[in-house]
Amino acid sequence: MSPRKSLNDRLATWKISGGFKQTAADILERGGRNKMVLIGFAVIAVVVALALLAPVLPIGSPTEINADPALAERPPAWNHWFGTDERGRDIFSRVLWGARVSLSVGTLAVFFSMMIGVVLGLTAGYFGGKVDYFISGVIDLFWTFPAFLLALAFAAALGPSLSNVILAISISYWAGFARLIRGQALTVRERQFVEASRALGAKNRRIMFTHVLPNCLAPLIVWASIGVADAITIESSLSFLGVGTQPPTPSWGYMLQRGISYLEEAPWIATFPGVAMLFTILGFNLLGDGLRDVLDPRMKGLRR
Amino acid sequence: MMPGKKPVLEISGLRTQFIMHEGTVTALDGIDLTIYENESVGIVGETGCGKSMTAFSVLRLVPRPGRITAGSIRFKGTELTKLSDDEMRGIRGSKISMIFQDPSTSLDPVFTVGDQLGEVISLHQNIYDETALMRKSVEILKLVRIAAAESVIKQYPHELSGGMKQRVMIALALSCSPSLLIADEPTTALDVTIQAQILRLLKDVVGKVGSSMMLITHNLGVVAETCDRVCIMYAGRIVEEAETFELFGKPMHPYTRGLLTAFPKLGEKKEELSVIRGTVPNLMNPFPGCSFVDRCDFATDQCKRVRPMMAEVAPGHIVACHLYPSGGEKDNA
Amino acid sequence: MADLVSYVVRKIMLAIPVILVATLIVFLLIYLTGDPIASMAPPHADPAEMQQLRVKYGFDKPFYEQYGIFLWQMMHGDLGISVGRNTKNLQVGDLLVQKLPRTLELMAIGLTISYSIGIPLGIFSALRQNSIADRSVMVFTLVAYAMPSFWLGILLMMLFVVRLGWLPAEGTIGGFASIILPAMTLGIGNAALTTRMMRSSMLEVIRQDYITQLRSRGLPEREIIFRHALKNAILPVITVIGLDIGWFVAGAVVVETVFSWPGIGMLMTNAISNADFPLVRGCILILAIFVILGNLMADIFYAYVDPRVRLG
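Protein chains in written order, with numbering that gives the first Met the number 0: chain A, 0 to 303; chain B, 0 to 332; chain C, 0 to 311.
These are calculated hints, taken from the structure and not from any lab test. Even glycine gets a Cβ: it sits at the ideal position worked out from N, Cα and C. Don't take each hint at face value.
As the list claims (entries may be wrong) - Here are some, though not all, of the chain C residues that point toward chain A, as calculated from beta-carbon distances under 10 Å: (1) V8; (2) I11; (3) M12; (4) V17; (5) A21; (6) V25; (7) T111; (8) L141; (9) F149; (10) W150; (11) G245; (12) V248; (13) V252; (14) V257; (15) F276; (16) V290.
The shape of chain A in the complex, shown without the other chains (with noise of 0.2 Å):
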């Protein structure tokens, strides 16, 4: 049997509320009918959309440097529908290729975060005691501490790359997940304890594992989706400032960077890069948002 097959027997058997087909079903019926849902994965596809075809797409290159003096800061036109930046290069093609920075950015560095996340979290909420007294405070450090700091520090240590960017952010937002999947272990924790005294053994560990995730999907594709969000944003300021990707890979933060020293004569240097972020920003927002108050309002207290 593939393992994913068994996996889904597993659950099949087992009683879970909330599980992965409660919470895929909720997103999809009541999702499908929340505004800020459509509107955000919109926005989400659209961007996702045009970053994977930048390849394919008749533009020009975003790393071309022209030497051609007369070909640089030119405003939009027919044949460069977002100008050309300081050194020639078209904007469109690489605002399209700085999206593809930004969504793999974000990605990666949510995905990692979650990883850690969670099992810090899990750790901390299975074995309790002094184990999760420790991690706790690990937690409640790194959940205080503005995540954008902490990646600035980190990637300013580790020197600036797109790699470290992304390691860079995801040592810095882990503690958000951890919290949550440590709150649910927690209260599964709780329960179980009081069907232990009817003697289910071993069982606890595993129903522990396979009981807690289930419970959490809902407030983690939240908190992933606004992540993504905060990641992005995480990613573009630091490359503003200089310590995220450098060129001549295409970022947003170093567009915008560029453009500031232009903006009299070329305003459209920073704009487009700028319009793109805060679309980009705004769509997983709203999705992140929009899925909150469909699957659970209650989360409202989730993000400082």
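Assemble the complex: chain A is given as a structure, and chains B and C must be docked to it using the hints.
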């Protein structure tokens, strides 16, 4: 019905509805009720029957999207439904007051007892002098038998016990000597041991101030202690009304009978607690007949089709039930 | 009151190890990024010379010794010497002290703007829940929150500096004109958060039983809202000020860079681009202490306001 006594509150044909786009919920469906000077009337019924809504309607505090859609509420001759907001505010707290069920959520937690008392008194009696306000506040607190009035005045609600908080609420309600006090489940949220105290206090104090009282409760025992007359409400309608003793002695309406027998009495041997079968009807669908028909052991075909009118079965005792045909006219005690 | 004092003491005691951990992390960061001598040295430097320099600066000692020295020096105000291009051989500590007030100014004004916009807007929005006005405010907060601070800063710059020419672009000129744009950038961004908090707090309060009770006493609606509801609703919002400091500190770094505002943020950005690690280390340290103090303040304030927290 009570010669020589002037009515303080005359409700007639009151209908309060919640108009939502899923449908219209009729919380009160034609209530007739009169309260005279110096008397306490109990309104009894289960949760959701509209007792609190009656109180809110009188004070015109029905929460949106609810509205009073028909009927009249006359307070000492003045038609309340026709008053402006300002005029109504002048009545609330000074001529008609209300105390709520849960004293721990009904007092503003960030203001002291003294602040809140002072606020009401200065608002309605135009007294602004600090010392005068203080004096009056202490007076009222002593009236509700709070001995350490001077220190309680400086305390915050969360520093007081449940019973104390309820006394403060009563004090607030009676501070301007209203003609009518509405008490919405005043003892439900309190410890059983305190309940009796508070009820006795209410009865005494209301008598001292000379107000009438509308006591809303689901507990027949409370009513027996404190009320001169009792109304039984069901699904937004009043189904029986009589003097307390008469009602307990000779309950007429099947619902009333059910309520009374459901209450186990001291000294009575019982194998099982008797219950009234079924549940409260959905108030969203208007029902042409008697609202109790699904749960009534005596229901006939007529009960399903025609709404029973109030009929006088004994002096001062009226029932709305087809078992006691009315002959057509509505009799208001 | 006694329980408040014990709570404060407890919290301060807790904060100290947190600060220590912060210093450790900061130190680790720099320590792990490799040999500073090697990164500063020209390509074909003499290894013996490099080793001499290492000994001179103590880079050859074991980790815990270096950390210990670092702490010791720190407590005596010695945070190292800058190796940056423009600030060579200046004391890091001096630089920090010099630039700190600028950042404080910025944050103070930003906070003021944020709360002056956020609180009234939140109340306004709550009182008109689901109306067009409310929905517009919600949209505004959504957009303002999603917008990264530097982008907002650039937008404002475009509007006020380029288009309208009202304000100067550089932050070094001084005076109200140069602080207003960066402060507004920070303020508007945080106002979005404040508005949301105020709105939801207000909505929560209005639903409470005691509000209906107050109405039944005949109080005019305006008094109920602005005397009773507001006082209850504003508590959670105000206690968040300390936590907002974290947001502001993070934002300040970026915003100062956009507007060339001479504060810690700008200092740090320059230090990073100059690979001036001692200075970077000092900046991170100071920012970390800021955040920790801010959280401490919030905790204490919250305990002052809500006695139930003091047992925690």
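Interface hint compliance - F149(C) to chain A, C-beta minimum distance less than 10 Å:
holds, 5 Å
Chain A contact restraint for A21(C) - C-beta distance below 10 Å
Since the shortest Cβ distance to chain A is 8 Å, the answer is holds.
Interface hint compliance - M12(C) to chain A, C-beta minimum distance less than 10 Å:
violated, 14 Å
Restraint satisfaction for V25(C) [CB to CB of chain A, less than 10 Å]
Holds, about 7 Å.
Under 10 Å, Cβ to Cβ, is where V257(C) needs to be relative to chain A, so tell me if that hint holds or is violated.
holds, 7 Å
Next item in the hint list is V248(C). Is there a CB on chain A closer than 10 Å to its CB?
holds, 7 Å
Tell me if the interface restraint on G245(C) is satisfied: Cβ within less than 10 Å of some Cβ in chain A.
holds, 5 Å
Identify whether the interface hint at T111(C) stands, where standing means a beta carbon of chain A within less than 10 Å of its own.
Nearest chain A Cβ about 20 Å off; hint violated.
V8(C) was flagged as interface toward chain A. Is the shortest Cβ-Cβ separation under 10 Å?
violated, 19 Å
Identify whether the interface hint at I11(C) stands, where standing means a beta carbon of chain A within less than 10 Å of its own.
violated, 16 Å
Per the CB criterion, is V252(C) less than 10 Å away from chain A?
holds, 7 Å
Hint V17(C) vs chain A: min CB-CB distance below 10 Å?
Result: holds, 7 Å to nearest chain A Cβ.
When each numbered hint is compared with the structure, violations occur for hints 1, 2, 3 and 7.
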